[in-house]
Each structure stands twice: as C-alpha cells, then as structure tokens.
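S.K.: Taken in sequence, the protein lines are chains A and B.
To convert, note that position 180 of the first sequence is 180 in this note's numbering; the numbers rise steadily by one, no gaps.
Quick note: to get this note's numbering, add 343 to the position in the second sequence (first position is 1).
Any given hint could turn out to be false.
Sample of chain A residues facing chain B (criterion: CB under 7 angstroms; computed from the structure) [to be verified]:
# : residue
1 : Asn-173
2 : Ala-285
3 : Arg-288
Lysine to aspartate or glutamate pairs mimicking EDC-like chemistry, simulated, CA-CA at most 20 angstroms apart [said to hold, decoys possible]:
# : chain 1 : residue 1 : chain 2 : residue 2
4 : A       : Lys-282   : B       : Glu-633
5 : A       : Lys-301   : B       : Glu-587
6 : A       : Lys-145   : B       : Asp-383
Stretch-level coverage of chain A by chain B, calculated; a stretch enters the list once three of its residues show a Cβ under 8 angstroms from a Cβ in chain B [unchecked claim]:
# : region
7 : 269-282
8 : 307-317
To be clear, the hints were calculated from the coordinates, so they are not data collected in a lab.
Virtual Cβ for every residue (Gly too), placed ideally from N, Cα, C.
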Amino acid sequence: MKKASLLILIVLFINTIYAIDNDLILEEKFPKKLSDFAFFKDIHAQIPAEGVVPYELISSLFSDYSYKQRWVYIPENKKASFRKDEVFDFPVGSALIKTFYYPIDERNLSLGKKLMETRLLLRKQNGWEAVSYAWNEDQDEAIIKKAGKTILTDWIDFKGESRSVRYRVPNKNQCKECHAKNDAVMPIGPKARNLNKIYDYQDESINQLTKWMKLEYIDNIQTDLNTPVDWKDDTYSVDERVRSYLDINCGHCHISSGGANSTGLYLDLTETRPTHLGINKKPVATGRGSGGYEFSISPGKAEESILLHRMISTDPGVMMPESGRSLTHIEAVEMIKEWITVM
Amino acid sequence: MQNLLLIFFCGLLSFALQAKQILLSPNSNSQEEIQEALIDLEPGDVLTLEPGEYYFEDGLSLDVNDVIFEGSGIDSTILNFGEQISGAQGLLVTSDGVTLRDFAILDAKGDAIKVIGANGINMIRLRTEWTGGPKESNGAYGFYPVESKDVLIDGCVAIGASDAGIYVGQSQNIIVKNSTAKYNVAGIEIENSYYADVFDNLATHNTGGILIFDLPDLPQQGGHHVRVFRNKAINNDTDNFAPEGNIVGEVPRGTGIIIQANSDVEVFDNDIYGNGTVNLSIVTYGYETEDENYNPHPKSIQIHGNRFGDGGFDPDVGTGELAAILFELSDGDMPDIFWDGILPTSQMIFGQPDEERLLITNNGNATFLTLNPIKYILPFFDPVERDIKAYEGKVRPLPEVILN
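Modelling step: build the complete structure from the supplied sequences, incorporating the hints.
M.R.: Here is the structure:
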C-alpha cells in the first residue's frame, strides 16, 4: 500500500517535471531560461514534451541558410479556428516554438548541429508576444535576449565549402518588424495553406491538417486553401515557385495590412494586380534602394528590376528583407532572375 | 507641517514610481545598453543620453508609447551609424506619442529616423546628417514619418539626404516648422498627405527646396490642404544626386518649390529666390498610371504674397524634362512661376470650376509662364501665355493645422 502511494507520487512528480508551464506562457514577464517553460523533454536534443507537436511549412522564410525546427503547443481542450488565407486563430495559452540551428556539415547531418536561438510566439490574454532565447556554448540552455545578440558562426555547406555568417538574434522590436499585422504581433507561418502537406510524425505519415484535426487542435476546414508549392521543387512552374517564395518571404510585410503597406508593393500569394505585384511599378520612397532602376519588376529585364537588386544586396540601406538576412539567398535569386527574364 | 512634508515626499515617490528617467553615457556596450533601455521603457519614462558620441553597428528601434528619448543637444549627443552593418534605418519608431529631442543621427546606412504608423510623434531639435556631403550612397531620408497622425517636426536640421531631408508621407495633421534642410536632393517634401503646415523653415542648397507631391498606387493618396508659408526656399543649387528611378531624381537643380498633383495648397509669405531653374512650379504627375482613383492634376492652388527674387538664371536642362521644356518654351526667359496648364480633358473643353482655378496674386514683380494645351495641339498658335494678371483673385485661406 505504501509502495503504491509512493509510486503514484513519483508518477505525479515526473508528470509535473514534464508538464508545460501553462501559467508561465500567460505571465507578463518572460522567464530568463527557455527550460522554464518545459517545452522539451530533452532540451539539448530538442525532444519535445508531451503535447508539443512538430510541424513544417511548405516553403520557409530564408534566414541566412539556417535550419529551423518548429513546434506548436495548444492547451488541452482548446482549439484553433480556421481563417482562410490567414494564420489560424490560436486560443489563449498557445505557443509557437521555433529553433534556429546550423548543421556542422550539411552533407552529413549526423555530425550534429549548433543551436543558435529558439524563438517563441506566445498567445497571451491580449494577443501574441514574441521573444527569443539564445543558446549557450554548452548547448544545454537558452537565455532570453530582449535586446538581441550577434553570433558569429560557420558551417560546411552542401558543396563542402566552409561558410560563415554574422547571425543576428532579433531584439523584441525586430520580431515585430516582420510579425506585425495592423500593428499587432502575429505569427506568419501557420496558415492552413502553408501546413497542407504530409509530415512524418513518429507514429504515422499524414497530412498535417488531418493530424491537427485528429488531435482536435482544429475543426474541419474548407478545402479550397490556396495551397502554395515548395519553391525548391522544380517540378512546379517557375511562376508558382516564385509566388510561393515571395509569399512566405515578403508577403507578411508587403500586404495591405502589413508593415510595408505604404510601399504599394504587395507580394502575398493572393495578390493579382500587376502594378501592386511590382510589374512596371515605380518606386515610392526607396531612395538608393532603387539601385538606379526604374521599376520594381521590369519584365524581361531581371538585371534592371529593383526587387531582384534588393534581394541580391547585403547593404543594410538597400537589402530586403530589412532584417533577418545578412547573406544573399543565391538559389532564390537565380529562380527570380529566370522568372523576370521570361516574363 | 511634518505631515505635509510626508505627503509631499509620498507624492514625489509615487511620481517616481510611475515614471522614471534613465541616464546613459557612451561606452563600448552602448548598442545593447540603449536598445535594451528602449525596449524596457514604460509609458511616461524618459531615456536621456548624456553628451558624447555613441557608435552603432545595428539600427535602434522604439516601440513603447508615450515616452521621451532625448539627448543633451543637437551638437553634443551624437548617434553615429557610420559603421552600421544591419538595420534599414538609424532609429525606427513604431509606437504612439513619442518625443525625440536634442540629438543627432549621423551617417545611417538607410534612412536616419523612420516613424511608421504613429499616432502622435514629436521630433524636436534633432539633426540628421550624412557627413560626406551630397552623395548618391547617402541614405534616402533624414526625417521620415509615414502613415502617421499628428506629426510635429520643430527646430530640426537635415543635411545630405539622397532623397528628402524632411519627408512626410501618407500622413495626416502635420506641422514642420523652424527647421533647416540643406544639401539634400529635396529639402522638405510632403507627399500623399492631408493637412500640413510648413512654415518658418529654411530650405537652401538642396536640388529642390520644398516639394508638395502626390503619387499613384498607394494606400493614401489625393494629398490636400497643405499650407507653405514664411519659409525661405533660396539658393537651391546642388546637382541632383538621387539614385535614378526615384521621383525626386527628376527634380532639376535650382528648384524653389514644386507642387505636383495635390489639391488645396496655399503658398504665401515666402521668400523664394536664387533658384537657377525655376522658383516655383505647379505640375501634373507625368507618368502613365492605371490607377483609376488617382488624380494627376493639381487643383485649388493659391500662390499669394510671396517675395520672389532672381531665378531661372542657370536652368538644369540635363535633369528630368521640366527645365529643358521650360527653357525651350520661354526662349531662355525663364519665369518665376510655371504652371504646365494641363487639365483633365473635360475641363480643357468646358472650363474649370472657379474654386479649382489656380490663383496667383500679390507676388510683387514675379513673372509667369503657362501653356495653353488647346493652342499647343493646334497649328499656327503660340501656346505660351505669360499674363499673370489673369490668375488674380480673392484668397480663400485654408484652415490652420492644430495637432491633437
């Protein structure tokens, strides 16, 4: 009898260790350490706790060639609701967790990785809040960095070449520069349309939206989702791939409800007006960002298109996006060059 | 008495608890220290930078409402961005009710101070400067509030911007006063904005002094109700150094004031001279646009009681089209005031409503030139008209801008 109650106690104890701290998600102040949230069973190995579910996006935002691992946490018995072409309306207490890392060697991922930062979007009572935790040298804890941090690091790329990067952990305000919608903080990725793909879960391979329904994270959703394509998959047309790339990389800001709406350049997947997509559109307040070119996109003339010029540049006064990038995304630049050239 | 003292101290204490002042001085960790302080500010707080030079590799940003960020003077607290590696501007403000005062931002890689979507922003006794002189590689804007309401720019200095020194875009309720803009492409520019008072400013040695513009395909357009008065738009004589593609790249060196595609603009009591191309132009937006909601024509423009001096003595025919056309039309006898005369087709045929007509009155000996577009199309007619008296009339003053 005594043994049994001890066992129960131990079980209870273990459960509390691994249980997500729901109150901490809602609290006004952020804890100093990432581990305090208990999102991970094994924080170093990035093994999520019970109820923390991994997800992937069809196309991902370029962040200096870093890799990203994403998880979603929705409190028990609560649901996110579907909004077409918008991020799910997550219930209060939800968390989106994203770890940025570089593999030691892209040719052999088993050699390990270097964790850079884990960014959290926490759905508090009054809306979303963003915060980032930078990983320590020992890679066993991540510490809050409200003012951001610069980390110099390197990795070996697919070609076996050593690459280095001045990686910037964004400060709280910089988080908002991208994650702003009508001046409130808002997630970018988890729209139904971006999740509409198969994911290899531990127990099954299944469409992520179906999985979320099974987990009762969401109710049934409509089928017409405007699903983008994986921009890396060249079985799709260049146009589809480019529009998907521009959507996830630029469309959260370059949309009429986003931070760059004053530019009149809108790159969301659903935009159809040629001028607002940049075609023969004159710059507005671009300054030297124009590079001396007349239009955002000059059909047939990739080299004279401001959009491409600003994607290639790494000059802070010229480059796009304004933050989160210090290297040129060569593969994307090649693709967009082709897109404009055949336009 | 003792009780009174106690109450006094309690009051002082509670005040101190509500609003705090943070004092920082330059050190090797200024980047992180100042950015962290800007993040941790609470409404009512004051962040004060002591005199000295502060160096930054990344842009700064502020997103807390109702705070003051100040230095100790336009020449004594210097925020130097010459070695900036990231960030599209020196300082970005995205919150409401912020006051910035008494410091300078030097050599930002992009814009110096950008303010987006603010409900209330005060920029007082600030300087933005690119210290290498006018260069295409300088940042675009010194002061750049956009999509904001209740904008005050007072006692500021803007030097060397490759677009506009002081630029207010897509905003409402604006006062720009007591400020100096020099060696920029455009000195002061009000674009796609409603209700602006621009007065007691000096715009000199820019390419163009003061620009009131409206552009198509933007969320806010149809700029209107702009008053430009008691300014000096003088000796704007710097070659245009804007990167091509930008609308200000078309502005010829030696332009005093340009009004393009706005309505209800009142320009009065200004000193306008020493501008080698033309002291004042009123023009239509010159590019094709498919934007059906856009009106490319200026209307209800009133120019009165200004003091014009020498102008048009050194027309910059190599930049844009304006100077070359004007030079040809005038046979080299350049006017002080130029209107391109272009009207919507219906108005060209049936005439303009009285309240939309251009008014030019009481401007001393100012000379004038406009085109008669119908005569321009027909053969055997000289389209040039120079009779300024035809535009005289009674001034209908626009209301004063009052900030909330």
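S.K.: Now tell me, hint by hint, if it's right for this structure.
M.R.: Here's how the hints hold up against the structure:
1. Of the supplied interface hints, the one on Asn-173 (chain A) holds, with its beta-carbon coming within about 4 angstroms of a beta-carbon of chain B, less than 7 angstroms.
2. About 6 angstroms separates the beta-carbon of Ala-285 (chain A) from the nearest beta-carbon of chain B, less than 7 angstroms, and the hint is met.
3. About 5 angstroms separates the beta-carbon of Arg-288 (chain A) from the nearest beta-carbon of chain B, less than 7 angstroms, and the hint is met.
4. Note on Lys-282 (chain A) and Glu-633 (chain B): the hinted pairing holds, with a Cα-Cα distance of about 12 angstroms set against a maximum of 20 angstroms.
5. Distance hint between Lys-301 (chain A) and Glu-587 (chain B) is fulfilled; the C-alpha atoms sit about 16 angstroms from each other, no more than 20 angstroms.
6. Of the pairs offered as hints, the one joining Lys-145 (chain A) and Asp-383 (chain B) holds, with about 12 angstroms between alpha carbons and a cut-off of 20 angstroms not exceeded.
7. A stretch counts as covered by a chain when three or more of its residues have a beta carbon under 8 angstroms from one of that chain; for the region 269-282 of chain A and chain B the count is 4, and the coverage holds.
8. Remark: the region 307-317 of chain A is confirmed as covered by chain B, as 3 of its residues place a Cβ nearer than 8 angstroms to a Cβ of that chain, reaching the required three.
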